[in-house]
Amino acid sequence: MEVLNLTAVGEAGKSFAARVGAEAGTDVYSCYQCGKCSAGCPLSYEMDFQPRQIMRLVQLGLKDLALKSSTIWLCASCATCTTRCPREVKIASVMDVLRAMARREGYPIKEKGIAVFHRNFLNTVAFGGRSYELGMILGYKLGTLPAQPLKDLDLGFTWLQQGKLKFIPERIKDAAAIREIFSKTREIEQADLAKERAQGSGPETGHGAGLPAGGTEGHS
Amino acid sequence: MKYAYYPGCSLHSTATEYDATTRAVCAALGVELAEIPDWNCCGATSAHATNHLLSLALPARDLVKAENMGLDVVAPCAACYSRMATTLHETKGNEVLRRKVSEIIGADFAATAKAKSLLEVLAVDVGPKVVETKVQKPLKGLKVAAYYGCLLVRPPDVTGWDDAENPQSMERLMTALGAEAVDWPFKTECCGASLSVSRTDVVLKLVNDILAMAKSCGADALVCACPMCQANLDGRQPAVEKAYKTTYHLPVFYFTQLMSLAMGIDEWKLGFRRHSIDPRELLHAKEIA
Ligand code: SF4
Ligand code: SF4
Numbered sequence: 000m001e002v003l004n005l006t007a008v009g010e011a012g013k014s015f016a017a018r019v020g021a022e023a024g025t026d027v028y029s030c031y032q033c034g035k036c037s038a039g040c041p042l043s044y045e046m047d048f049q050p051r052q053i054m055r056l057v058q059l060g061l062k063d064l065a066l067k068s069s070t071i072w073l074c075a076s077c078a079t080c081t082t083r084c085p086r087e088v089k090i091a092s093v094m095d096v097l098r099a100m101a102r103r104e105g106y107p108i109k110e111k112g113i114a115v116f117h118r119n120f121l122n123t124v125a126f127g128g129r130s131y132e133l134g135m136i137l138g139y140k141l142g143t144l145p146a147q148p149l150k151d152l153d154l155g156f157t158w159l160q161q162g163k164l165k166f167i168p169e170r171i172k173d174a175a176a177i178r179e180i181f182s183k184t185r186e187i188e189q190a191d192l193a194k195e196r197a198q199g200s201g202p203e204t205g206h207g208a209g210l211p212a213g214g215t216e217g218h219s
Numbered sequence: 000m001k002y003a004y005y006p007g008c009s010l011h012s013t014a015t016e017y018d019a020t021t022r023a024v025c026a027a028l029g030v031e032l033a034e035i036p037d038w039n040c041c042g043a044t045s046a047h048a049t050n051h052l053l054s055l056a057l058p059a060r061d062l063v064k065a066e067n068m069g070l071d072v073v074a075p076c077a078a079c080y081s082r083m084a085t086t087l088h089e090t091k092g093n094e095v096l097r098r099k100v101s102e103i104i105g106a107d108f109a110a111t112a113k114a115k116s117l118l119e120v121l122a123v124d125v126g127p128k129v130v131e132t133k134v135q136k137p138l139k140g141l142k143v144a145a146y147y148g149c150l151l152v153r154p155p156d157v158t159g160w161d162d163a164e165n166p167q168s169m170e171r172l173m174t175a176l177g178a179e180a181v182d183w184p185f186k187t188e189c190c191g192a193s194l195s196v197s198r199t200d201v202v203l204k205l206v207n208d209i210l211a212m213a214k215s216c217g218a219d220a221l222v223c224a225c226p227m228c229q230a231n232l233d234g235r236q237p238a239v240e241k242a243y244k245t246t247y248h249l250p251v252f253y254f255t256q257l258m259s260l261a262m263g264i265d266e267w268k269l270g271f272r273r274h275s276i277d278p279r280e281l282l283h284a285k286e287i288a
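Line by line, the protein sequences give chains F and U. The first sequence: position 131 = 130 (numbering that gives the first Met the number 0), numbered continuously. The second sequence: position 249 = 248 (numbering that gives the first Met the number 0), numbered continuously.
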C-alpha cells in the first residue's frame with residue numbers, strides 16, 4: 000500500500016479542496032465517510048477509488064491521486080450518491096468538477112476511451128449544433144485504434160438496418176451560434192486557468208495533452 | 000396546456016418512434032406542443048462530464064427560445080430533461096453564473112421557464128384520471144416493470160416531482176391503461192448510458208442486472224421514458240443474453256407507445272419494427288394487439 004505524506008499537502012491542498020467545493024457548490028468537509036455513496040454506486044466495482052475515498056482525497060487535498068483516478072471517468076453521473084448522502088454532499092457534482100479539472104490541467108486519463116468518446120460527441124455538436132450518432136461511433140473507432148477497432152459496430156449495423164442511424168448529420172440553421180458558444184467557453188476557461196496559475200493554485204506539474212479545451216479539436 | 004417542445008437529438012435518429020408516439024398521445028390528450036425553433040443539442044453527459052460552462056450554455060440557448068415563446072419546456076429524453084432542469088437550478092439563484100451564461104450565448108437568459116419531463120407532464124399535469132377516460136383497448140394481463148433510470152427523478156432538489164427512491168407516477172399511468180405494474184426494486188438503477196460506446200462491458204453488466212431483476216419480479220416487459228435507456232435495455236439485450244448465456248426476451252416499450260396502443264392510436268405510429276426485441280409476439284399472446 001502506498002504511504003501518503005499528509006503533512007506535505009499544506010496550503011496547496013487546502014486551496015484545492017476549497018476550489019472543488021466552490022465549483023461543485025457543496026461543502027466537501029461535510030462528508031463523514033459513512034460510505035453510503037459507494038454502497039449505491041453502480042460503477043464502484045470498476046473504480047480504483049470508491050466515491051467515499053474520492054471525497055476523502057479531496058478533503059485531504061491529495062489532488063494528484065484524485066485527478067489521476069479511473070473513478071472520475073467511470074462515474075456515470077447517475078446521481079445515486081448525491082441523492083442518498085446523509086450529509087447533502089453533491090458527490091456527482093464533485094466528480095464533474097474533478098473530471099473538468101483533470102482535463103483542463105492536462106492530467107493523464109486512465110479511461111482514455113471514455114474521454115475520447117466525450118470529445119467525439121462534442122465534436123459533432125460543435126460542428127452542426129446537434130449530436131450525430133454515426134459520426135460519433137465512427138470517430139470513436141478511429142480515435143481508439145487499434146485498441147478496439149471493430150468492437151460494438153454490431154449494434155451500429157443493426158441500427159443502420161433498422162433506419163435508426165442517419166447517414167447525413169443534422170445541422171441547425173444557426174450552427175455559427177454553437178461554434179461561438181464553444182469558442183467563448185474555451186476563452187473563459189483559459190482566462191480562468193491563467194488566473195489560477197498566476198495565483199499559484201493551478202496544476203503543480205505539466206502532464207501532457209488531455210482533452211482539448213472545449214472539446215472541438217479532432218485529435219489529441 | 001401548451002409547452003415548448005424540445006425533442007432532442009435522439010428523437011430525430013434512434014428514437015423516432017418515441018417522437019411520433021409523443022406527438023400523437025399529446026394531441027389526443029389536448030397537450031399542445033410547439034417545437035422550439037432551430038433547437039440545438041443539450042450537450043448530454045459529454046458536456047457536463049468535461050466542461051461546466053459549456054454544459055450550462057448549450058441548454059440555455061434552447062431555454063431562452065422557450066422564454067421568448069412564453070412557455071415551459073417539455074423534454075421526452077431523461078438526459079435532456081436533466082440537463083435543462085440542472086441549468087435552471089444552477090443559474091436561478093446565481094446572478095454571476097447567469098450573467099456569464101448569458102454572455103456566452105449572446106442573449107439574456109432569465110432562467111424563468113420551467114423544464115419538465117414528458118412523463119411528468121402526462122402522469123402528473125394531465126394525470127391518470129384523464130388518461131383513463133381515453134383508453135379504448137385496456138392492456139389487460141400485461142405485466143410491466145416501470146423503469147425510470149437515474150436522471151428522471153434524481154437528484155430530488157433538481158427534479159422533485161416524484162419520489163427519488165421509489166417513484167410511482169409511471170406505475171399509476173400504466174394502471175390507468177389497464178396494465179399491471181409489478182413491484183420491483185431496480186426502477187432507478189443506472190443503465191450506464193453515457194458509457195455505452197466506450198465501456199460496453201460495464202453497460203452489459205448493468206443492463207443484465209436490471210433485466211434479471213425485472214424478469215424475476217414477474218415482468219413481461221419493461222417500460223421506460225428515455226431513448227438512452229431504451230437503446231441500452233432493448234438494443235443491447237441480444238448482446239447481454241449472449242454474454243451472460245441467458246434469455247430474457249423482454250420487450251422494452253416507451254411509455255408513450257403503450258399509451259398509443261391503449262388509446263387506439265394507429266399502429267404504424269408505434270414503430271415496433273425498430274425494436275431489437277419485437278413486442279408484437281407478446282402483445283398477440285396477451286390478445287392486446
Ligand atoms: S454518503 Fe456522503 S457522507 Fe457518506 S461517505 Fe459518501 S459523501 Fe461522505
Ligand atoms: S454519480 Fe458517479 S459516483 Fe455517484 S453513484 Fe453515480 S456513478 Fe457512482
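Think of the hints as simulated: they come from the structure by calculation, not from any bench. A few of these clues could be false.
[Unchecked claim] The following label-pair restraints were derived from C-beta to C-beta distances:
1. U:283 - F:69: 33 to 39 Å
2. F:191 - U:37: 28 to 34 Å
3. U:134 - F:69: 45 to 51 Å
4. U:109 - F:85: 47 to 53 Å
5. U:242 - F:109: 19 to 25 Å
6. U:279 - F:179: 45 to 51 Å
7. U:279 - F:190: 54 to 60 Å
8. U:124 - F:179: 52 to 58 Å
9. F:44 - U:279: 54 to 60 Å
10. F:109 - U:29: 47 to 53 Å
11. F:109 - U:124: 22 to 28 Å
12. F:191 - U:277: 47 to 53 Å
[Said to hold, decoys possible] Non-contacting residues of chain F with respect to chain U, defined by C-beta distances greater than 10 Å in every case (computed):
13. 24
14. 78
15. 102
16. 181
17. 197
Note that CB positions come from ideal geometry on N, CA and C, so glycine has one too.
Status of each hint after checking the structure:
1. U:283 - F:69: 33 to 39 Å: violated, 46 Å
2. F:191 - U:37: 28 to 34 Å: Check passed, 30 Å falls within 28 to 34 Å.
3. U:134 - F:69: 45 to 51 Å: holds, 49 Å
4. U:109 - F:85: 47 to 53 Å: violated, 35 Å
5. U:242 - F:109: 19 to 25 Å: holds, 24 Å
6. U:279 - F:179: 45 to 51 Å: holds, 47 Å
7. U:279 - F:190: 54 to 60 Å: holds, 57 Å
8. U:124 - F:179: 52 to 58 Å: violated, 35 Å
9. F:44 - U:279: 54 to 60 Å: At 37 Å between Cβs, range violated.
10. F:109 - U:29: 47 to 53 Å: Given about 51 Å between the Cβ atoms, the range holds.
11. F:109 - U:124: 22 to 28 Å: Check failed, 44 Å falls outside 22 to 28 Å.
12. F:191 - U:277: 47 to 53 Å: 51 Å Cβ-Cβ, so the 47 to 53 Å window holds.
13. 24: Per Cβ check, residue 24 (chain F) is inside 10 Å of chain U; nearest 7 Å; violated.
14. 78: violated, 4 Å
15. 102: Check fails; 5 Å does not lie beyond 10 Å.
16. 181: With a cut-off of 10 Å, residue 181 (chain F) comes too close to chain U, as the shortest Cβ separation is near 7 Å.
17. 197: Holds: least Cβ distance 20 Å, greater than 10 Å.
Figure legend: structure checked against the earlier numbered hints; hints not met, in rising order: 1, 4, 8, 9, 11, 13, 14, 15, 16.
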